[in-house]
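Under the UniProt record's numbering, the sequence shown has 59 at position 59, and the numbering climbs by one with no breaks.
Because the hints were derived from the structure by calculation, they are not lab data.
Check the hints yourself; a few may be wrong.
[Claimed, not checked] As a list, the in silico DSS-like pairs of lysine-lysine whose alpha-carbon atoms are at most 27 Å apart:
no., residue 1, residue 2
1, K76, K11
2, K71, K4
3, K76, K2
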Amino acid sequence: MKIKIGEILEKIFSIIMLLSIISTGIIFLLFLISIIVGNDLGNAIALWIKNEFINHIIRLTAIAVLCGLVKMYILKEHELTIK
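Hey, can you work out the whole structure from these sequences and the hints?
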């Protein structure tokens with residue numbers, strides 16, 4: 001039972017972390033577009049990224065970290081220990 005829960009949490013962790021990394025690339029591209037566009041539209045894009053988009057990505061990444069930590073403690077596996 002613990003192993004099955006650990007596998008599910010690992011899959012959730014992997015998927016959410018992949019989404020976070022892809023979203024970071026999207027944030028970079030949007031900031032680049034806002035710099036190229038400039039003026040009021042570029043400013044509006046940059047502020048939207050800062051106020052809305054990044055907050056959701058931070059929450060998503062925190063959920064992924066929580067899944068990873070719970071998996072480690074359920075399976076009693078600690079990645080940074082020497083066996």
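We went through each hint and held it up to the structure:
At most 27 Å may separate the alpha-carbon atoms for a hinted pair to count; K76 and K11 meet this at roughly 17 Å. Our distance criterion of 27 Å between C-alpha atoms is met by K71 and K4, whose separation comes to about 10 Å. Distance restraint check for K76 and K2: the Cα-Cα separation of roughly 10 Å lies within the 27 Å cut-off, and the hinted pair is therefore satisfied.
Hint violations for this structure: none, all hints satisfied.
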